[in-house]
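There are 2 protein chains.
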Amino acid sequence: MASVKIKKQNNKDFNLEELKQLTNDQLIEKIKSLQAHNVQLKTLLIKSSTETKTSVNRLKKPFDSSKHVLLKFFYLGWDYQGFVVQEDTTKTIEHYLFESLTRTCLIKDRESSNYHRCGRTDKGVSSFGQVISIDLRSKLSADNQHDIENELDYCKLLNRVLPDNIQCVAWSPVKSDVSARFDCTGRTYKYFFPKSCLNIEKMSRAANNLLGTHDFRNFCKMDVGNGVVEYIRNILFINISLFDENDTEDNERTMYVITIRGKAFLWHQIRCIMAVLFLIGEGKEEETIIDELLDVNKNSRKPEYFMASEVPLNLFQCDYDIENNWRYDESSLSIVKAKLKSMWTFHNIKGTMILSMLNELDRSCPTDLEIQNYLHLENKTKRYIPLMARKRCESLEEKIKHYVKRSRLEIHNEPESTT
Amino acid sequence: MASVKIKKQNNKDFNLEELKQLTNDQLIEKIKSLQAHNVQLKTLLIKSSTETKTSVNRLKKPFDSSKHVLLKFFYLGWDYQGFVVQEDTTKTIEHYLFESLTRTCLIKDRESSNYHRCGRTDKGVSSFGQVISIDLRSKLSADNQHDIENELDYCKLLNRVLPDNIQCVAWSPVKSDVSARFDCTGRTYKYFFPKSCLNIEKMSRAANNLLGTHDFRNFCKMDVGNGVVEYIRNILFINISLFDENDTEDNERTMYVITIRGKAFLWHQIRCIMAVLFLIGEGKEEETIIDELLDVNKNSRKPEYFMASEVPLNLFQCDYDIENNWRYDESSLSIVKAKLKSMWTFHNIKGTMILSMLNELDRSCPTDLEIQNYLHLENKTKRYIPLMARKRCESLEEKIKHYVKRSRLEIHNEPESTT
Numbered sequence: 004m005a006s007v008k009i010k011k012q013n014n015k016d017f018n019l020e021e022l023k024q025l026t027n028d029q030l031i032e033k034i035k036s037l038q039a040h041n042v043q044l045k046t047l048l049i050k051s052s053t054e055t056k057t058s059v060n061r062l063k064k065p066f067d068s069s070k071h072v073l074l075k076f077f078y079l080g081w082d083y084q085g086f087v088v089q090e091d092t093t094k095t096i097e098h099y100l101f102e103s104l105t106r107t108c109l110i111k112d113r114e115s116s117n118y119h120r121c122g123r124t125d126k127g128v129s130s131f132g133q134v135i136s137i138d139l140r141s142k143l144s145a146d147n148q149h150d151i152e153n154e155l156d157y158c159k160l161l162n163r164v165l166p167d168n169i170q171c172v173a174w175s176p177v178k179s180d181v182s183a184r185f186d187c188t189g190r191t192y193k194y195f196f197p198k199s200c201l202n203i204e205k206m207s208r209a210a211n212n213l214l215g216t217h218d219f220r221n222f223c224k225m226d227v228g229n230g231v232v233e234y235i236r237n238i239l240f241i242n243i244s245l246f247d248e249n250d251t252e253d254n255e256r257t258m259y260v261i262t263i264r265g266k267a268f269l270w271h272q273i274r275c276i277m278a279v280l281f282l283i284g285e286g287k288e289e290e291t292i293i294d295e296l297l298d299v300n301k302n303s304r305k306p307e308y309f310m311a312s313e314v315p316l317n318l319f320q321c322d323y324d325i326e327n328n329w330r331y332d333e334s335s336l337s338i339v340k341a342k343l344k345s346m347w348t349f350h351n352i353k354g355t356m357i358l359s360m361l362n363e364l365d366r367s368c369p370t371d372l373e374i375q376n377y378l379h380l381e382n383k384t385k386r387y388i389p390l391m392a393r394k395r396c397e398s399l400e401e402k403i404k405h406y407v408k409r410s411r412l413e414i415h416n417e418p419e420s421t422t
Numbered sequence: 004m005a006s007v008k009i010k011k012q013n014n015k016d017f018n019l020e021e022l023k024q025l026t027n028d029q030l031i032e033k034i035k036s037l038q039a040h041n042v043q044l045k046t047l048l049i050k051s052s053t054e055t056k057t058s059v060n061r062l063k064k065p066f067d068s069s070k071h072v073l074l075k076f077f078y079l080g081w082d083y084q085g086f087v088v089q090e091d092t093t094k095t096i097e098h099y100l101f102e103s104l105t106r107t108c109l110i111k112d113r114e115s116s117n118y119h120r121c122g123r124t125d126k127g128v129s130s131f132g133q134v135i136s137i138d139l140r141s142k143l144s145a146d147n148q149h150d151i152e153n154e155l156d157y158c159k160l161l162n163r164v165l166p167d168n169i170q171c172v173a174w175s176p177v178k179s180d181v182s183a184r185f186d187c188t189g190r191t192y193k194y195f196f197p198k199s200c201l202n203i204e205k206m207s208r209a210a211n212n213l214l215g216t217h218d219f220r221n222f223c224k225m226d227v228g229n230g231v232v233e234y235i236r237n238i239l240f241i242n243i244s245l246f247d248e249n250d251t252e253d254n255e256r257t258m259y260v261i262t263i264r265g266k267a268f269l270w271h272q273i274r275c276i277m278a279v280l281f282l283i284g285e286g287k288e289e290e291t292i293i294d295e296l297l298d299v300n301k302n303s304r305k306p307e308y309f310m311a312s313e314v315p316l317n318l319f320q321c322d323y324d325i326e327n328n329w330r331y332d333e334s335s336l337s338i339v340k341a342k343l344k345s346m347w348t349f350h351n352i353k354g355t356m357i358l359s360m361l362n363e364l365d366r367s368c369p370t371d372l373e374i375q376n377y378l379h380l381e382n383k384t385k386r387y388i389p390l391m392a393r394k395r396c397e398s399l400e401e402k403i404k405h406y407v408k409r410s411r412l413e414i415h416n417e418p419e420s421t422t
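Residue numbers (the working numbering), protein chains in the order written: chain P, 4 to 422; chain H, 4 to 422.
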């Protein structure tokens, strides 16, 4: 068996004495190796700046005509800093959306595109059914707009340049005055969670008490500074069910989903609702806490509590009076489904690998591990303090007074429409 | 040799002809400049990475005594650039390992810690059973080393400062000459994969042909430049099984695991084996391709093919003659298990959310989606070319000749021990 001695490690930096000992050929070898390493480092540096360059001065096709459309798309929001564009990061859904719209020359720029969005979602939150309304370049002349089969394939064009975890699903031509925000007739959220130690029936009963029109100020983060001074909303539908109806197993890993539909929601409303439902499901609060918190006369100041995790939250569906007009392109959707299946596969593999480690650890060293709900920070506190015994936040009236005093708010009489 | 005036731009890369024109002094100048530029680039790279600063000059407790130990730990490698420390990034397992060892004052520094590692794992690869041997600070005096119950709780101390996805599991005191690398009696890898479109029985039969002692040069990436000139290895055990024996369902999502045990493996050996097994499972190659590729006389030059994905690969177990001496601390392990359970929960939630999107897309727009294996790039090529018909890489003999010619290798007669 031949053995090998490596003579020189090319990565070692030589000092002057060592260099003087080398022959011309050896020096040249060294230079070539250093130059190659140099190129490699530069490439890495460019890659390490994670921002995609905003494309400017792209070849702009003249806009023959444009059409007003609704565009439906999904995004897996876990790695993004929220939906809305921000000053200090490009890692937002809107940033990639507008980059794809301009790169494909479907719009000139955001300002002239007549853009509205159905809803804002926060950092880490996903959406299956987000909708925007926007004017897009049309292949058809102004006279020929009815020839819809020959229109540009908007989803296909955009999906090629969007990241895999933000993809267009369907589009629909609409009248020019339709707004994704103001014409939305209903918004549905889903929240996915494993059973863990939760009493699902208790949670279901408690959830029913949220149905209907209530003042939800104790189930959200108040946003008085941005003009939100009334907190009455109507929950049209709420339900907890098995994710997979055919799931026969009923253990801590069994997946459930809560579906909540309303016309509009308050800031962090779903995550606050989930936090309280979790406390009920864990037996830390009684179901009656729901009615307590909805009674804003009796409880005008919200007890301090952590929201539930944002990871399982999904703006699943946004409704408009156009259900039968959504245009789905089969070939485009096949590609989207393959991307989703691929992502699902990798999550499943990672979950399986972690499970195998857990099983092996249990074999080597069995320990009694209490079943925990990992979806809210409430569990990290050692001693549980009942909600009604906790420190309270400022009331709505106190907050309004505070902002009026600082001349940041003026109170008028007409109702404010909120998202 | 005519001298040439070097252009003022030190950054310009010279080609061979230009270099041959330079004097030795000019070549040396060039080298010094390139070395300095490289150092600068490396510094910039490290700054641009978001990593925690390496702590230097921490308050160092004087080392009363130290002991030689084996330390067993796991890591989820998906977000790291491999196990081994690298010049241009701090996102390596070893970086965090040594940071935790110095922060806890368990070692002074890497150089004096008598450190060996069982195996190297590449970018994206995980491990459940990685082992290192190292000298750690001991609470016990040199005379009192047998009082092992009162020794420092190494795992607990380190886990507090390690990231959640790198955690210590157990440790064992060993004789001072024990090496994690050279005293390892066997290494076991696991690779987790969903059934997708694969014929598992065919893959199992083919896998059996890999058992035993063979020349695996066609099932790896040859590393002649680093002195690896012989490719004979012994696979002691190989098996494909259901991940969950109680799994009654048998569809594309059903999880399988392949377990492969040997004394030592070649670079990318498992990923190459998986790539070929996948081709067999997908019906693109016959089972006989295994014997073909193991016949290095007939096939001395490896056909070009993509490796399988690194995400499902896990260095699961490393064996030593000390099985009953691993010390597991229950309370420490409870915390580790809770962390793993939390990570598992989030992967499962994400997978479930993606599945719900897929189901909904299927409802809105049913398409026939061919079942695909997402674990190797082979599937991205449109037309399948059989392995035996493909372009071939250089043979081992050709590679050796190449490196010997460039004076980077010397061939001797005594045997070389390899990992």
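I should point out that these hints are in silico values taken from the structure, not numbers from a laboratory.
Be careful, since some hints might not be right.
Which copy is meant is left open, because identical chains are indistinguishable; a pair holds if it fits in one copy or across any two.
Capping the alpha-carbon separation at 20 Å, the derived lysine to aspartate or glutamate pairs in EDC-like fashion look like this [stated by the list, open to error]:
#, residue 1, residue 2
1, Lys198, Asp28
2, Lys45, Glu90
3, Lys142, Glu233
4, Lys287, Glu397
5, Lys394, Glu289
6, Lys94, Asp82
7, Lys111, Glu154
8, Lys342, Glu373
Are the CA atoms of Lys394 and Glu289 at most 20 Å apart within a copy, between copies, both, or neither? For Lys394 and Glu289, the Cα distance is within 20 Å only inside one copy (19 Å; across copies 70 Å).
Within, between, both or neither: how does the pair Lys45, Glu90 come out at a Cα-Cα threshold of 20 Å? both (7 Å within a copy, 13 Å between copies)
Reference check for the pair Lys342 and Glu373, CA-CA at most 20 Å: within, between, both, or neither? between (37 Å within a copy, 13 Å between copies)
Intra- versus inter-subunit Cα pairing at 20 Å for Lys94 with Asp82: Both. Shortest intra-copy (8 Å) and inter-copy (18 Å) distances satisfy the 20 Å Cα cut-off.
Please sort Lys198 with Asp28 into within, between, both or neither, judging by C-alpha distance up to 20 Å. Neither: 63 Å inside a chain and 55 Å across chains, both beyond 20 Å.
Status of Glu233 relative to Lys142 across identical chains (alpha carbons, at most 20 Å): neither (45 Å within a copy, 62 Å between copies)
Copy assignment of Lys287 with Glu397, given that the CA separation must stay at most 20 Å: Classified as neither: same-chain Cα gap 24 Å, cross-chain 67 Å, threshold 20 Å.
One pair to classify: Lys111 and Glu154, alpha carbons no more than 20 Å apart. Within, between, both, or neither? Answer is within: at 18 Å inside a copy they meet the 20 Å cutoff, but 69 Å across does not.
The structure fails to meet hints 1, 3, 4 from the earlier list, while all remaining hints are met.
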